[in-house]
Amino acid sequence: MTITMWTRAATQTQSERLVAEYNKTHKNQVKLTVIPTDNYQPRIAAAAGAKQLPDVFAADVIFVPNYTSQGLFMDITDRIAALPYKDKLAPSHMKLGTLDNRQYTLPHTLDLSVWFWNKDLYEKAGLDPEQGPKSLKEFAQHATTIQEKLGKDGKVHGTFFGGNCGGCYVFTFWPSVWAAGAQIMNDEGTTSLNDQPVMTEVFKIWRELYEKKATGPTAKEEQGPTWTGFFPKGEIGVMPMPSTTLGLMPKEMKIGVTPIAGPDGGESTFVGGDSLGISATSKNADAAWEFINWTVSDQAQVEVMAKNKDVLARTDLAGNKYSAEDPRVVMINSLVAKGQTPFALRFGQTYNDPQGPWLRLAREAVFGDASKVPQLNAEITKSLQQ
Amino acid sequence: MTLTVTRSRRAAHSAPSARWRSRKVQGWLYAAPTAVIVGVLFIAPLVLVGWMSLNRWPLLGQATFNAPANYLKIADNPLFLDAVVFTLKYTAITTVLLSGVALGLALLVQERRPGVAFFRTAFFLPGAVGFAAAGLLFYGMLNNDFGPIDPMLQALGITSEPVKWIGTPNMALFSTITLVIWRFAGFNMLILLTGLQAIPTEVYEAARSDGANRWQIFTKITLPLLRPTLALMLILSVTGSLLAFDQFFVFTNGGPDNSTVSMVMVVYRDAFFRFDLGGAAALSVVLLVALVGLNTLMMRRLR
Chain A
1 MTITMWTRAA TQTQSERLVA EYNKTHKNQV KLTVIPTDNY QPRIAAAAGA
51 KQLPDVFAAD VIFVPNYTSQ GLFMDITDRI AALPYKDKLA PSHMKLGTLD
101 NRQYTLPHTL DLSVWFWNKD LYEKAGLDPE QGPKSLKEFA QHATTIQEKL
151 GKDGKVHGTF FGGNCGGCYV FTFWPSVWAA GAQIMNDEGT TSLNDQPVMT
201 EVFKIWRELY EKKATGPTAK EEQGPTWTGF FPKGEIGVMP MPSTTLGLMP
251 KEMKIGVTPI AGPDGGESTF VGGDSLGISA TSKNADAAWE FINWTVSDQA
301 QVEVMAKNKD VLARTDLAGN KYSAEDPRVV MINSLVAKGQ TPFALRFGQT
351 YNDPQGPWLR LAREAVFGDA SKVPQLNAEI TKSLQQ
Chain B
1 MTLTVTRSRR AAHSAPSARW RSRKVQGWLY AAPTAVIVGV LFIAPLVLVG
51 WMSLNRWPLL GQATFNAPAN YLKIADNPLF LDAVVFTLKY TAITTVLLSG
101 VALGLALLVQ ERRPGVAFFR TAFFLPGAVG FAAAGLLFYG MLNNDFGPID
151 PMLQALGITS EPVKWIGTPN MALFSTITLV IWRFAGFNML ILLTGLQAIP
201 TEVYEAARSD GANRWQIFTK ITLPLLRPTL ALMLILSVTG SLLAFDQFFV
251 FTNGGPDNST VSMVMVVYRD AFFRFDLGGA AALSVVLLVA LVGLNTLMMR
301 RLR
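Protein sequences appear in the order of chains A and B. All residue numbers for the first sequence refer to the UniProt record's numbering, where the first residue is 1 and numbers rise by one. All residue numbers for the second sequence refer to the UniProt record's numbering, where the first residue is 1 and numbers rise by one.
Derived from the structure by calculation, the hints contain no laboratory data. Because the structure is a prediction, the values reported are computed rather than measured. For glycine and all other residues, C-beta sits at the position ideal for the given N, C-alpha and C. Each hint can be trusted.
Once the Cα atoms are required to be at most 30 Å apart in a straight line, the calculated DSSO-like pairs of lysine-lysine come out as:
1. B:Lys89 <-> A:Lys220
2. A:Lys149 <-> B:Lys164
3. A:Lys233 <-> B:Lys164
4. A:Lys382 <-> B:Lys73
5. B:Lys164 <-> A:Lys212
6. B:Lys164 <-> A:Lys372
7. A:Lys152 <-> B:Lys164
8. B:Lys73 <-> A:Lys372
9. B:Lys164 <-> A:Lys213
10. A:Lys155 <-> B:Lys164
11. B:Lys164 <-> A:Lys220
12. B:Lys164 <-> A:Lys204
13. A:Lys372 <-> B:Lys89
14. B:Lys89 <-> A:Lys382
Chain B residues, not near chain A, derived (Cβ > 10 Å throughout):
15. Leu41
16. Arg120
17. Thr121
Full structure from sequences and hints, please.
See below:
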């Protein structure tokens with residue numbers, strides 16, 4: 001039997017590896033379709049409306065509450081309950097896959113935001129290549145130093161960020177707020193706290209970096225698809241990056257990885273990535289479960305995920321023979337417990353959608369008129385409650 | 001004449017009504033294929049959209065009747081109201097520029113001269129490129145990071161730093177209109193060309209022998225006789241521009257800061273990002289009614 005599966009391009013590599021290994025070792029087969037990240041939400045909506053969802057689909061973990069509330073995933077509470085390691089599955093992914101005490105998804109990939117720094121550029125700029133920034137203020141100093149020392153010819157820049165991309169802001173700025181012990185939404189995901197002091201300070205630090213031209217000239221226009229493309233070319237000193245890109249970096253590049261910090265210190269991360277569930281309309285639920293159950297098995301987690309420096313969906317496997325080889329991976333794995341995944345039913349339309357209210361707030365705060373933030377924050381709350 | 005009438009009357013009297021009925025059935029049978037196509041492809045979706053707009057319509061599961069909530073919500077949708085203003089502005093600018101450029105191109109290649117076929121083809125070629133592909137093409141060419149246009153302009157000394165082609169609201173609109181004109185001028189030129197060639201050469205000859213100069217010929221003969229063709233082009237351009245989607249969706253993504261969000265983009269957002277299918281259907285119905293009204297008006301005025 002062949003079951004169908006969809007995943008988004010952002011975490012394509014991990015899905016492809018898992019499917020290839022599964023197809024090699026099992027009688028059932030999985031046919032994987034990769035969809036551009038920007039088009040994923042509309043494609044799911046169109047397929048659901050036409051009752052043509054694949055048997056299994058991965059979803060950006062922050063969209064999962066919305067999908068489950070729309071009834072797109074099949075209830076797999078009883079199947080999960082039978083798993084011996086059910087309490088060791090990545091907690092934030094499990095939390096977002098639960099609605100009214102029923103469970104709908106398993107963690108598929110974990111993508112954490114961390115600061116990457118380029119050790120060669122640090123050395124050339126006279127910074128200590130073995131010491132990454134310990135606070136957002138120090139991050140800004142490092143970025144500024146690299147810009148001043150190496151940025152003359154316009155090739156190298158201190159840092160970079162996706163300035164016209166709502167999801168990028170969320171993924172890279174919010175951990176600084178959490179690291180300082182503050183919040184950006186209430187627990188129910190219905191009230192925005194993006195006008196509170198810590199967020200304001202984080203915005204201000206990034207705004208100064210932009211004004212000093214330490215962020216690269218195209219940061220303001222960056223819409224998302226290419227925001228991670230500059231660091232691997234060796235053009236950026238230090239920047240927040242998705243942990244899934246660590247395994248994709250050029251072999252010879254010397255990269256340091258450190259947790260995202262608040263303005264004055266602390267550590268946190270945005271626990272992003274995908275969850276995997278069986279679609280509510282699937283007629284092959286048993287075969288679909290056999291596959292998604294296998295993806296969180298010891299074999300798949302260690303020999304497919306850990307082997308490629310990916311963060312594991314199970315906390316009990318964090319210390320394994322592969323992670324021990326790379327202290328950076330151990331550090332990233334350890335962040336899963338410290339990080340957060342924000343919960344909101346209306347997350348996508350509020351924060352990810354380019355026409356949503358969050359992107360306007362972030363852009364005013366970083367490039368425009370910061371005094372508009374309180375008013376725009378009210379727009380976010382309105383969108384969260386719609 | 002009289003003879004035919006009396007004969008047919010007599011036939012109607014004498015023939016049994018069954019034969020008349022069979023002719024009626026025959027007529028229906030002839031019309032049936034078209035009727036089915038029109039029904040399935042045009043009427044049914046319209047009725048469905050109308051019905052959706054009166055319901056809360058979830059992605060999966062049962063719809064619940066909630067009229068007129070979806071329509072009332074529109075007044076509370078600032079993004080849509082902004083999009084209406086923007087789309088009208090875009091339509092006005094595009095239609096004027098597009099008509100001008102297309103007419104200019106058509107006049108350039110109107111007469112049969114050596115090499116004219118080459119230019120006709122060259123002008124029309126962009127019309128063969130899909131809108132999404134054209135959007136990506138422009139996005140790639142004008143990209144500040146890897147596009148070839150900025151380095152070329154800088155090498156020629158025209159600009160000193162990368163131009164923010166889609167980085168500011170005005171430039172984003174300008175770049176998109178350039179894309180649309182590039183894509184559509186050739187197509188509209190073709191429409192105008194057929195109109196130009198339908199003007200009898202005798203009229204021109206008569207005008208010339210009366211001593212009319214080129215400008216007089218253009219304003220007194222070409223333009224008035226081209227009126228029906230211009231009207232067709234205007235209706236196509238206005239309707240197309242009001243329904244603009246691909247160019248903004250692919251090229252500017254509505255940005256920067258929602259400055260290039262068209263009406264159809266809001267419909268798309270409501271349907272596929274907010275999963276509010278009923279609300280999106282209501283927006284579509286409003287858009288449809290406005291378009292039908294506008295087109296009726298234009299047909300009347302331009303005929």
